[in-house]
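Student: Protein sequences appear in the order of chains A and B. Residues 1 to 541, numbered by our numbering, are exactly what the first sequence covers, in order. Residues 542 to 893, numbered by our numbering, are exactly what the second sequence covers, in order.
In short, the hints are calculated from the structure, not lab data. Even for Gly, the Cβ is constructed at its ideal location relative to N, Cα and C. Take these hints with a grain of salt, some might be off.
[Claimed, not checked] Derived pair list, reagent style DSS-like, types lysine-lysine, alpha-carbon separation capped at 27 angstroms:
{"hint": "1", "chain 1": "B", "residue 1": "K615", "chain 2": "B", "residue 2": "K642"}
{"hint": "2", "chain 1": "A", "residue 1": "K359", "chain 2": "B", "residue 2": "K559"}
{"hint": "3", "chain 1": "A", "residue 1": "K431", "chain 2": "B", "residue 2": "K642"}
[Stated by the list, open to error] Incomplete in silico selection of chain B near chain A, CB under 10 angstroms:
{"hint": "4", "residue": "K607"}
{"hint": "5", "residue": "E621"}
{"hint": "6", "residue": "K622"}
{"hint": "7", "residue": "F629"}
{"hint": "8", "residue": "Q630"}
{"hint": "9", "residue": "S633"}
{"hint": "10", "residue": "A696"}
[As the list claims (entries may be wrong)] Beyond 12 angstroms from chain B on every Cβ pair, some chain A residues (computed):
{"hint": "11", "residue": "T117"}
{"hint": "12", "residue": "E125"}
{"hint": "13", "residue": "Q130"}
{"hint": "14", "residue": "N227"}
{"hint": "15", "residue": "F244"}
{"hint": "16", "residue": "L247"}
{"hint": "17", "residue": "A251"}
{"hint": "18", "residue": "K278"}
{"hint": "19", "residue": "F328"}
{"hint": "20", "residue": "L337"}
{"hint": "21", "residue": "A341"}
{"hint": "22", "residue": "T366"}
{"hint": "23", "residue": "Y450"}
Below, each chain spelled out in residue letters.
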Amino acid sequence: MIRNLNFWFFSSFIISLVVIIPIVTVFSSFFENTSNYFEILKNTFLFEYTFNSFVLLISVLMLTFIIGTSSAYLVSFYKFPLSNFFKWALILSFAVPPYIYAYSLTAFFENYGTAYTILKNLFGEGNYNQHIPKFDGMFGSILSISFSLFGYVYILTRASFLYQSQNFIDLGKNLGFSNFRSFYSIVLPGARPAIVAGLSLVAMETLAEFGAVDFFSINTLTTGIYNSWIAFDDLAFANQLSFFLLLFIFALFVLENLSRKKAKYHFNSRGGFKQKEKIRLTKSKSFLAFGFCFFIFFMSFLFPLCQMFYWTIKFPENLFDLNIFDLFLNTVYLVVLSSFALIVFSLISNYGNRVSNNKVLNLMSTLSISGYAIPGVILAIAFITFVVWIDESMIKNMGLLSIKKIFIGSIFGLVIVYFVRFYSLAFNGIKSGYEKINIYVDESAYLLGYSKRKTFMNIHVPFLRNSLLFVGILVSLEIIRELPIALILRPFNFETFATTAYISASEDLLEAAAVPSLFLILIATIFIMITSKYILRDTNE
Amino acid sequence: MSKNFFEINNVTFSIGGKNKVNDVNISIANEGDVICILGPSGIGKTTMLRTIAGLEKINKGEIILKDKVISSSKIHIEPEKRNIALSFQENSLFPHYTVDKNIHLGIKKNSPSNKNINAKEIIKILNIESILNKYPHQISAGEAQRASLARSLIAQPDLLLLDEPLSNVDQSFKEDIQVSLKQLLNKNKISTIVVTHDSYEAFYLGSKCALVLNNEVKQFDDPYNVYHFPNSVEVVNFLNRGILIPAKVTGGDSLENDDLGLIKGNFIKHYPTGSKVQLLLQPEDLEHDDDSNLKLEVVDRKFRGTNFIYTLKTPSNRLIPVAVHTHHWEQHEVNDKFGIKRPIQLEHIVCF
Chain A
1 MIRNLNFWFF
11 SSFIISLVVI
21 IPIVTVFSSF
31 FENTSNYFEI
41 LKNTFLFEYT
51 FNSFVLLISV
61 LMLTFIIGTS
71 SAYLVSFYKF
81 PLSNFFKWAL
91 ILSFAVPPYI
101 YAYSLTAFFE
111 NYGTAYTILK
121 NLFGEGNYNQ
131 HIPKFDGMFG
141 SILSISFSLF
151 GYVYILTRAS
161 FLYQSQNFID
171 LGKNLGFSNF
181 RSFYSIVLPG
191 ARPAIVAGLS
201 LVAMETLAEF
211 GAVDFFSINT
221 LTTGIYNSWI
231 AFDDLAFANQ
241 LSFFLLLFIF
251 ALFVLENLSR
261 KKAKYHFNSR
271 GGFKQKEKIR
281 LTKSKSFLAF
291 GFCFFIFFMS
301 FLFPLCQMFY
311 WTIKFPENLF
321 DLNIFDLFLN
331 TVYLVVLSSF
341 ALIVFSLISN
351 YGNRVSNNKV
361 LNLMSTLSIS
371 GYAIPGVILA
381 IAFITFVVWI
391 DESMIKNMGL
401 LSIKKIFIGS
411 IFGLVIVYFV
421 RFYSLAFNGI
431 KSGYEKINIY
441 VDESAYLLGY
451 SKRKTFMNIH
461 VPFLRNSLLF
471 VGILVSLEII
481 RELPIALILR
491 PFNFETFATT
501 AYISASEDLL
511 EAAAVPSLFL
521 ILIATIFIMI
531 TSKYILRDTN
541 E
Chain B
542 MSKNFFEINN
552 VTFSIGGKNK
562 VNDVNISIAN
572 EGDVICILGP
582 SGIGKTTMLR
592 TIAGLEKINK
602 GEIILKDKVI
612 SSSKIHIEPE
622 KRNIALSFQE
632 NSLFPHYTVD
642 KNIHLGIKKN
652 SPSNKNINAK
662 EIIKILNIES
672 ILNKYPHQIS
682 AGEAQRASLA
692 RSLIAQPDLL
702 LLDEPLSNVD
712 QSFKEDIQVS
722 LKQLLNKNKI
732 STIVVTHDSY
742 EAFYLGSKCA
752 LVLNNEVKQF
762 DDPYNVYHFP
772 NSVEVVNFLN
782 RGILIPAKVT
792 GGDSLENDDL
802 GLIKGNFIKH
812 YPTGSKVQLL
822 LQPEDLEHDD
832 DSNLKLEVVD
842 RKFRGTNFIY
852 TLKTPSNRLI
862 PVAVHTHHWE
872 QHEVNDKFGI
882 KRPIQLEHIV
892 CF
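Please take these sequences and the hints and turn them into a complete structure.
Tutor: Take a look at the structure:
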């Protein structure tokens with residue numbers, strides 16, 4: 001590989017640097033003095049925060065693993081009624097963020113909620129409230145987060161299953177393995193990197209989750225971070241808590257790496273790749289497979305959608321109280337700006353890394369993608385701290401106008417923080433696309449007289465088109481669903497569907513939260529439906 | 542001004558900071574000549590090609606193409622500006638283009654080359670007409686290799702580098718392609734460096750062969766000389782086409798071995814009488830004679846199409862290969878006695 005300090009190197013360097021700055025601000029705050037809030041907390045709630053975060057994390061990981069891998073396995077390997085429909089329908093769970101799921105759970109199961117109304121309409125008046133289970137607190141949080149996030153595990157595992165050669169499954173049959181044994185001893189280990197990647201995303205999202213746990217009043221490290229900033233204005237301690245949170249995630253990665261030892265999971269199938277043939281299930285088994293997938297689809301998507309739809313119809317006045325068109329424009333505006341910036345700059349940065357193969361740049365990229373592990377709350381606060389520091393220590397001293405208004409409470413600032421927060425998602429998504437392009441392809445292009453720019457534009461960009469669309473939808477969905485950053489950094493009077501839903505719910509006006517939640521789900525659903533064919537094409541099916 | 546079309550002068554080839562082949566001096570005398578680099582796997586042959594193509598840099602020596610230094614410790618012409626084509630051993634086709642599009646990407650609009658290469662002819666010769674509309678993932682490794690070769694040829698390079706170009710091609714088809722490829726290169730005067738570990742391929746395609754062994758070019762010579770006059774024991778061992786037996790020089794044109802007796806011939810290199818040497822015996826050196834009184838035991842027989850290679854055991858337990866035409870009227874079985882014609886007269890005597 002040619003090691004050159006060229007345009008691509010410097011572009012990549014600057015992009016990584018921009019992303020690193022707020023992250024470094026978080027870490028540097030770790031060494032600052034904190035207020036006495038820390039002492040108070042240490043003696044009171046710190047154990048509870050940690051314990052709750054741990055329970056939440058482990059439970060969500062287990063549930064998303066089970067739901068994600070089993071549904072991916074069923075739709076990848078078997079034919080049963082509507083299996084092709086479920087293949088993409090299960091992705092729709094992405095359209096429902098955990099906090100909206102939490103609103104739906106509460107709305108359905110609460111006293112005199114939707115479940116009560118259904119029972120009353122079916123069987124007349126009765127004391128149903130005491131028999132209707134209550135899905136709130138920790139259990140409600142686990143369900144909300146799991147049904148909302150299992151899609152990460154599902155998508156990545158399914159893609160990995162599709163790439164597995166039929167040869168390995170035939171080998172299993174040849175060795176006399178049952179279907180189940182083939183699954184856990186051949187198929188599942190082969191998909192391990194994908195499953196771990198999916199679970200890592202789930203872990204980071206869970207630990208950074210704010211809306212659902214806040215709604216269910218579960219004290220976790222994230223709500224602790226938010227409270228220490230809101231109630232005590234103690235950024236340093238908030239950062240220390242988030243540092244602690246990062247250690248959690250880091251420990252998980254180390255554990256996985258240690259358990260993996262030197263095993264390799266990627267097979268270079270040069271020729272000999274045989275497309276899998278799906279097995280048609282017998283009647284009873286196909287009913288079970290259909291039942292399982294329908295249950296997951298219903299719980300993750302239909303249930304919250306129907307609940308929000310029901311309330312929107314039941315309380316139509318909320319629909320007219322809101323300026324839906326403005327909310328729609330605001331949401332789309334943010335999504336388009338942020339995802340465009342993320343895709344363009346992540347693509348350039350990836351290519352810069354590829355052609356430069358420079359250790360400093362590699363290190364910077366590794367640092368820059370850690371932004372995803374830092375909760376949105378923290379990033380937003382760190383960004384404000386950094387801008388204020390620059391403004392007061394440098395800009396004012398130079399006699400220039402304050403830059404605060406440009407960055408704080410502005411769309412520009414919001415896009416920058418979204419960029420930092422979701423950079424790793426875009427960077428890694430594009431990187432995995434790049435890994436499919438053999439380095440010989442680049443070298444062949446050079447030898448055919450292509451410059452680096454021409455290789456990038458004519459060879460890489462067309463090849464990565466599907467990956468870019470895939471990354472685009474993931475990033476857009478994240479931004480549509482994102483709550484704390486928008487809450488903290490949005491311009492005055494600038495509301496999105498997410499912030500409107502949160503504000504109504506936090507004022508105990510769940511019915512009013514239904515309208516923006518419904519629109520949020522619908523927009524996200526349309527997004528997924530439009531691009532789902534690209535997601536499927538991306539996985540070579 | 543360099544008198545050769547292409548030269549590598551005192552270059553040490555390295556990759557990832559590790560020296561692979563040291564102090565290399567090889568050249569292509571005239572435009573259109575083909576040379577081969579022969580050596581075992583992992584020795585650094587591919588690194589040499591990558592460096593010549595400009596994909597790796599050098600810290601020592603210089604590489605000159607058409608009187609212009611393209612690589613040295615100070616100069617590094619970027620690969621895209623060298624007009625050198627490299628056909629990789631691995632599949633390097635652009636995955637999102639059809640084979641046809643891949644091949645035609647090789648055509649340079651403003652090529653400085655004056656060669657008149659016909660794309661259709663190349664496609665026909667390499668027998669890839671039926672896969673033109675397919676994508677790289679839909680074709681076999683051998684087909685991908687031929688498509689990649691076609692793309693490199695169509696690029697009309699000043700210098701073509703082929704890395705194990707036919708390693709994935711079926712044996713039945715390989716020789717035909719070798720013949721066509723050689724004709725094509727000669728006809729269009731495409732100077733080429735072929736890397737291979739197949740000595741027969743190297744001997745056929747190359748007007749000269751460089752043998753890379755133990756981190757250096759051991760011998761750079763024409764194929765006949767490399768085969769018949771290897772300059773070191775390492776080359777003999779690598780080519781594996783003969784054995785070394787102990788002998789004593791008895792005169793200006795003779796030496797003696799305990800098992801075979803007197804051996805006569807022309808020494809390639811002078812040795813004083815009485816010197817103890819290792820004599821190279823290749824399968825075609827000894828002649829079979831059923832009536833000879835020098836009989837050795839057959840311990841193995843390999844059928845090689847045009848001839849049998851008999852492995853004979855001497856009284857001192859040395860194994861000697863002897864080639865016999867397959868149409869020889871009497872075939873010998875293992876454990877048979879096999880006569881060697883006497884007196885033994887060698888075309889040339891190679892000793893170490």
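Student: For each hint, tell me whether it holds in the structure or not.
Tutor: Consistency of the hints with the structure:
1. The straight-line distance between the Cα atoms of B/K615 and B/K642 is roughly 37 angstroms, outside the 27 angstroms bound, and the hint therefore fails.
2. Of the supplied pair hints, the one linking A/K359 and B/K559 holds, its CA atoms being roughly 18 angstroms apart against a limit of 27 angstroms.
3. Straight-line distance between C-alpha atoms of A/K431 and B/K642 comes to about 26 angstroms, which keeps the hinted pair within the 27 angstroms bound.
4. Interface restraint check for B/K607: the shortest CB-CB distance to chain A comes to about 17 angstroms, outside 10 angstroms, so the restraint is violated.
5. Look at B/E621: its Cβ gets to within about 5 angstroms of chain A, closer than 10 angstroms, so that hint holds up.
6. The beta carbon of B/K622 is positioned within 10 angstroms of a beta carbon in chain A (closest approach about 8 angstroms), and the interface hint is therefore held.
7. For the restraint placing B/F629 at the interface with chain A, the shortest Cβ-Cβ distance is roughly 5 angstroms, inside the 10 angstroms limit, so the hint holds.
8. Taking 10 angstroms as the C-beta cut-off, the interface hint given for B/Q630 holds, the closest approach to chain A being about 9 angstroms.
9. At a threshold of 10 angstroms, the smallest CB-CB gap from B/S633 to chain A is about 4 angstroms, leaving the interface hint in force.
10. With 10 angstroms as the threshold, the beta carbon of B/A696 comes within range of chain A, its nearest partner Cβ sitting at about 6 angstroms, so the hint holds.
11. For A/T117, the requirement that its beta carbon stay farther than 12 angstroms from each beta carbon of chain B is met, with the minimum near 54 angstroms.
12. Interface exclusion of A/E125 from chain B stands, the closest Cβ pair being 65 angstroms apart, more than 12 angstroms.
13. Once the 12 angstroms rule is applied to beta carbons, A/Q130 is consistent with being away from chain B; the minimum gap is 61 angstroms.
14. Listed as a non-interface residue, A/N227 keeps its Cβ farther than 12 angstroms from every Cβ of chain B; the least gap is roughly 51 angstroms.
15. Against chain B, the non-interface label of A/F244 holds: every CB pair exceeds 12 angstroms, the least being about 40 angstroms.
16. The beta carbon of A/L247 sits about 35 angstroms from the closest Cβ of chain B, which is more than 12 angstroms, so the claim that it is off the interface holds.
17. The Cβ of A/A251 sits about 33 angstroms from the closest Cβ of chain B, beyond the 12 angstroms cut-off, so the non-interface label holds.
18. Distance check on A/K278: its Cβ is at least 20 angstroms (rounded) from any Cβ of chain B, clearing the 12 angstroms threshold; non-interface status holds.
19. A cut-off of 12 angstroms between C-beta atoms confirms that A/F328 is not in contact with chain B; the least separation is 35 angstroms.
20. Non-interface call for A/L337 relative to chain B: holds, since the shortest CB-CB distance, roughly 29 angstroms, exceeds 12 angstroms.
21. The beta carbon of A/A341 is kept farther than 12 angstroms from every beta carbon of chain B, the shortest such distance being approximately 25 angstroms.
22. With a minimum CB-CB distance of about 21 angstroms to chain B, A/T366 clears the 12 angstroms threshold, and the non-interface call stands.
23. For A/Y450, the requirement that its beta carbon stay farther than 12 angstroms from each beta carbon of chain B is not met, with the minimum near 6 angstroms.
Of the numbered hints stated above, those contradicted by the structure are hints 1, 4, 23, listed in ascending order.
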